[in-house]
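Chains as they are written, first to last, in the numbering used here: chain A, 1 to 295; chain L, 1 to 312.
For the record, the hints were derived by calculation from the structure and aren't laboratory data.
A virtual CB, placed ideally from N, CA and C, is assigned to each residue, including glycine.
Worth double-checking, as some hints may not be accurate.
Partial pick of chain L residues on the chain A-facing surface, computed with a CB cut under 8 Å [as the list claims (entries may be wrong)]:
no.: 1; residue: K4
no.: 2; residue: Y7
no.: 3; residue: T8
no.: 4; residue: R152
no.: 5; residue: T157
no.: 6; residue: F209
no.: 7; residue: A232
no.: 8; residue: M261
no.: 9; residue: I303
Covered stretches of chain L, as calculated for chain A (at least 3 residues, CB under 8 Å) [stated by the list, open to error]:
no.: 10; stretch: 21-35
no.: 11; stretch: 235-241
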Amino acid sequence: MPFDAERDLAELRAAAAESDAHHELIPRITWPEGVRLAVNFTADFDAMLLRRLMNETPMQLAKGEFGGRVGIWRLIELFDHHNVTATIFTPGRICELYPEAVRAAARSGHEVADHMWEHRVPKEPELERDHLTRATEALTRTAGRRPVGSRSWHTLGLMAELGYLYNSHGSAAHGPFWEHDGKGNRLLNLPFHYAIDDAMFYSFAWLGSENSAQRITDTDRVMDLWWDAFERQYREGGYLNICLHPFVSGRALRIAALDRLIARMKERPGVWFPSCEGVARHVIATHPSTRMGVH
Amino acid sequence: MPWKQGYTISDEIGLRDGEIAWPEGKRICATIVVDLSVALSPEGITAADLKTPAASFAYHDGLDGLLASLKRLRLRATFAVPAVIAAIRPERIRAIAAEGHEIAAHGFRHEDVSGLDRAEEKARMDRATAILEEVAGQRPVGWYSLPRQTDRFAGGTISPHTMDLLIEAGYAYFGNGLADDIPHWWVTDFAARRAILALPYYYHFDDSFFCMFPRKGTGLEHPDSLFRNWRAEFEAQYRRGRHFHMVVHPQHVGWCHRLEMFERFVSRMQSFPGVWNPTAAECAAYWSKAYSKETHLKLAPSIWQDHEGSLS
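Full structure from sequences and hints, please.
Have a look at this one:
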């Protein structure tokens, strides 16, 4: 195609405008009285499901299985010990694999939220609806409460229609923001960043990465990085979402490191450890979207 | 649909810390595995692999240094030995066994068996077992399938038949299971409760992935991270009273500063009271009796269903 500056600019302007229309940032989040920083501990409880979906080897599945047999129990115990209300993003099918663990998380008062039916979102709209419906029903049945949050690539309008209050996905802003689909639907997003995700530092071949791209490292280094993230957000008075995986962070050395990290965070006044739902309900009530929409 | 097959290999909930006890009131079980493979590809050890400087180091200078460290520090280890290495260097293997270390099997040539048919895998396993029995003077009771540095994944490769063949061949344990951090039962048949004991393995405690990984010369050198992983895991598992394991290779950990680091770690480990340092075979023998599959394997009846439009 011959060079056409105006055409290129028009195309890029439209893309940037679409992005801006999609993301409605909340300039200054205020938290409940006395709270300076909200920290969400989130755990993606996919165990071996994603490994299976990616058709990985038996040993990769076994590595994931650790999360269901051992890791999830240790995380629940760790969060309970520190009075941290965590959010466990759980694929619907995990209810058939590890129902006891899902029930235990709910019994401890943690939020059990959606993480897709089998860790994928089908392209076909009807099948997508079927999957999210199945996941929602399975989680409701097992955890005893209908999920209001998701960490997924599900269609915003579908999530809103099924009563979801938020999605926790992507890193378009440091803190909660509103997402709009351009069709009048909106949903709150509680962003997390891959740099605050245990799998990025500890899980070999994460998301199909090559051997030369491995960055597996030790807990001392990761805790130093995450402490800096905490310090920064604490100073700013913001939000921090820490993404864990039971098959990764459930390993004894990492539970010990997280135990120290949480203890250190708790030494600071004004740190709030609610579930994602807790954050979402607060933001929805106090920082509603200022744009028109059906919701 | 059979029991969660294709997803899980064992029961739904692992043993809690309080349920675990070691012989004579010991606090933790710590095993050291020395991998004597220098394989660089799924083929397993090739003629070219044996001609590299690293291979020469692995079977002479590096191994001498590591054995001397183990002896001086009074540690016992399990050597995962590819049968071809035992056949080529029988004196070396016998000398290792004479020091009180265990000789376990590590494939015929540490090959990737995942694509083999059952008959060929069995033929290779039988031959490997026979060679190791002849060289070491007793039949190996443990079988390893440790990862190679060039593997796509860091867990080792097996075929759908491996565990069943190991049970058939009378092996007491499989050396590198990733589903728990203590010994656990790898179930091959839910209805019959057919299972083999798997000993824990995790690549964060294996020097392969921290010493010039993924390739000698251009790889990343992070033995300090490995040291911190060993230290953190050992201390955490010590507090819990569970199990600690490490996997080392003479060509990696045997080199100079890394051997220094290895000695620093194991000396520290030994300064803790109540550390039980058996061979993997002794650990497996204890576990199979104290936590037999008949008494401790709790397989929940499957509530797994097939759903239209989903993975089966």
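Hint check results:
no., hint, in the structure
1, K4, "6 Å, holds"
2, Y7, "6 Å, holds"
3, T8, "5 Å, holds"
4, R152, "7 Å, holds"
5, T157, "6 Å, holds"
6, F209, "6 Å, holds"
7, A232, "4 Å, holds"
8, M261, "13 Å, violated"
9, I303, "5 Å, holds"
10, 21-35, "violated (count 0)"
11, 235-241, "holds (count 5)"
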